[in-house]
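Colleague: Top to bottom, those sequences are chains A and B.
In terms of this note's numbering, the first sequence has 200 at position 200, counting the first letter as 1, and numbering is strictly consecutive.
In terms of this note's numbering, the second sequence has 268 at position 268, counting the first letter as 1, and numbering is strictly consecutive.
Be aware that one or more of the hints could be misleading.
[Said to hold, decoys possible] DSS-like cross-link-like pairs, simulated, lysine-lysine; straight-line CA separation at most 25 Å:
(1) K33/A / K167/B
(2) K10/B / K208/A
(3) K186/B / K167/B
(4) K65/B / K242/B
(5) K33/A / K186/B
Hint data in this document are derived by calculation from the structure and do not stem from the laboratory.
For clarity, every value in this text was computed on a predicted model and none was experimentally measured.
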Amino acid sequence: MPASCFPLTNSNPTEAFLAATRTLAATRDRRFKYVLVAPSIFVLLLIGIFPLVYLVLVSFQNITMTDMDTSFQGLLNYREMIRSTRMWESLLHTVIFTAIALPVELVLGLAMAQLFIDRIPGRQVFVALLVLPVVISPIVAGATWSLMFDNRFGPINQIIGWLIGGEATILWTINPNLVYPAILVAEIWQWTPFMFLLLLAALSAVDKSQLEAASIDGAGWWRTFFRIVLPAIWPVMAIAILIRGLDLFRLFDIVWALTRGGPGTMTETISIFAYVKGFQQFDTSFTAAVALLIIVLLSIVVMLALKRVELAR
Amino acid sequence: MNLRRRRRLKLVLRLAAAIAITAFFLFPIYWLFMISFKTPEEIFAFPPKWWPAQLQFDNYQVLFKDGDANTVGNSLVVASVSTVFAMFLGTLCAYSLARFRTGGENLANWIISQRMVPPIAVVFPIFLLYVWLKLVDTYVGLILLYTAFNLPYVIWMMRGYINDIPKALEESALVDGCTRWQVLWKVVFPMCRAGLFATAIFTFVFAWNDFIFALVLTRTEVSTYTVQVTHYFGGQSNFWAKISAMSVLGTVPIFIVVGFMQRYLVRGISLGAVKG
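Only chain B is shown next, with the shape it has when bound in the complex:
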């Protein structure tokens, strides 16, 4: 009886700790979202109000009316197109690395090390190159860079997923007279569908969330939402309503897509090291 009660108490304590920790990690997100629904008077009320009197969407309306929300559209175009390219090229390369051991471990390691170079060191020479090629502030320029930057990730992840599927199926398809390309389309891709999907989501999220590349390589035309958020920071007064509304516009899509990807999340963010 005593033991049971102690166990009960322990569980309650653990639950309390879990709730406190989760509250700590969620509170800033709550604060960000909540500000976007406040009126200016509520935002600049002292002491700060923890919830708005009523939900109102004026802050969002302003963003759409002024065209600021177009930057979210730019993010969408750039992130999705570069994801398609990176997935296509990267998966083919990954298949070759996984099945034929092309280039051995050295090539694979070189590829993943490309991913680890700090973006600022990558983007600086690219910027000089783009000035010369007149690619600054264009979709093409940004898409090309995101494709290249995400390629190592796609190759690395897809190599892992392809290694997971049994070779025998491909061999029997070959014996049945399929060409190598047919094997790819009809056996390999369908078999690693889940992996393809998960990797594409993460590739998309990386491009979507990027700030430094977009900061350097865009001016006005293809500016992404992350760059737009920083435009609202002023020396003395910050446009709080706009900061929060724009951030929410950029964050909600991520929450939705990642919500579907729970099962692959750990593998995705650990570069495939943990096969959750």
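Chain A with its partners taken away, still in its complex shape:
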């Protein structure tokens, strides 16, 4: 309203007064809104930006366990990092875990959601129970599966023994051919219910009349699914994929509990690699470079993803 911008030129004194209070309120509002935001931003900057700057600094130095060399070494650590096959392998392991676990969780979760979307006796109870793996601490989930996978006293080998009618002594967390399946089973066990819950909510929001119309028109199940259901649940599915994808990229706890990255460095993810370098070998400057690489990679993915995915408006 342009009139209120020039209260003095206005002939009506009441309106002038109102306009003046409005401007006053607006300034106060402006201050108020920043006062509310300030403490949070301060904490985020303190824990986010300040260490980040320090990280950049350290990554250009050459601090190791034995040497507190704070002179600047240029790109030394970055060169070393790029040459480190162990680093590239750990990135590859992370990608492998993600590339297998994510689709499996998605498909299994969708199938389960499809099963539970129709009326089924005791549906509430089933859903409430299926939630439980998701809320357990991942390190506890890993510990649980290491008990399950024990070659002698775990139930997995016992069950396999029943099936083959003999004694099974499979070394799940030691045999190089079996560590990946073992870790993936634990990971998929914990997070499939996450996909299930989100997709169940999405499926229940699909317009029933459209499904009925499709079935009257004689569309088959697959056709209905791909033409109507999938587009309808896609926004939720995209977010579920994003959240799980980012979680998988930082995979640490379950692997740590089951194999600690072993045997050798076979199952080492990028997070475990950074932890070992930084906190067991005290290769401080090198780890700083790795941490920066992780942050940069992730930031690019997150920025691209957030632009595409409509997250909670």
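Since chain A is already given, all that's left is putting chain B on it; use the hints.
Modeller: Just chain B now, kept in the frame of chain A:
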């Protein structure tokens, strides 16, 4: 008649599938809990026994006697105090973002992207900083980090919940002469009570379940239960009774609080994307 029977059969099959799936997802949890009630002979019986002869709590008693159970207390202190701080700061910030669009979408996106950085990359520089500030292995250090790490989640979730409540009530309270702060305390917070509660529970669970921050930033004094569980893993012999009893101590509280939160669970874990 035939149709009805086929429908009946389909329902039975679906029910059977549902039971099988639920059994698969619950069995490891059952196994974990059950081991904590076994005697050492039962744990290391071959072939494995699927239930203990009788419930006995020796494994828990040992944890309490040796003081290992104190780590659960540490988890409780750290998780609850950081939740209170994160909720307080985060909700104020969320209100500003929701009502005044402070910083626009960019600020909101920056805040949520802070949440998505892998913990190892966050904790490494923090560790260096804490060594310098002598905050390693202190409550303050851990609480500060959990507060900061959970802030984006709280802000993001509470922004959604505040957006859900009608603006008109706040406006009428303002007209009636309430100050902005009074509006917050008397209108906004009571209106989004359920959202506040749900968000607080999830914030608590995230801090409670965390492993990597506690692993890096604690030594002995404020070690949390997740770190303690991993101490029982030995190269050759694992202290199974302790692993399971400690895990159960840390898991039961989570099951209880989440049990009350069923209605908000989906919204909580989907970062507010699904408003179940």
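Colleague: All hints are to be evaluated individually against the structure, with a verdict given for each.
Modeller: Hints and how they fare:
1. Our distance criterion of 25 Å between C-alpha atoms is met by K33/A and K167/B, whose separation comes to about 16 Å.
2. For the suggested pair K10/B and K208/A, the alpha carbons sit about 21 Å apart, so the restraint of at most 25 Å is met.
3. This hinted pair checks out: K186/B and K167/B have alpha carbons roughly 14 Å apart, not beyond 25 Å.
4. Our distance criterion of 25 Å between C-alpha atoms is met by K65/B and K242/B, whose separation comes to about 12 Å.
5. The hinted pair formed by K33/A and K186/B meets the criterion: a straight-line CA distance of about 18 Å does not exceed 25 Å.
The structure meets every hint from the earlier list without exception.
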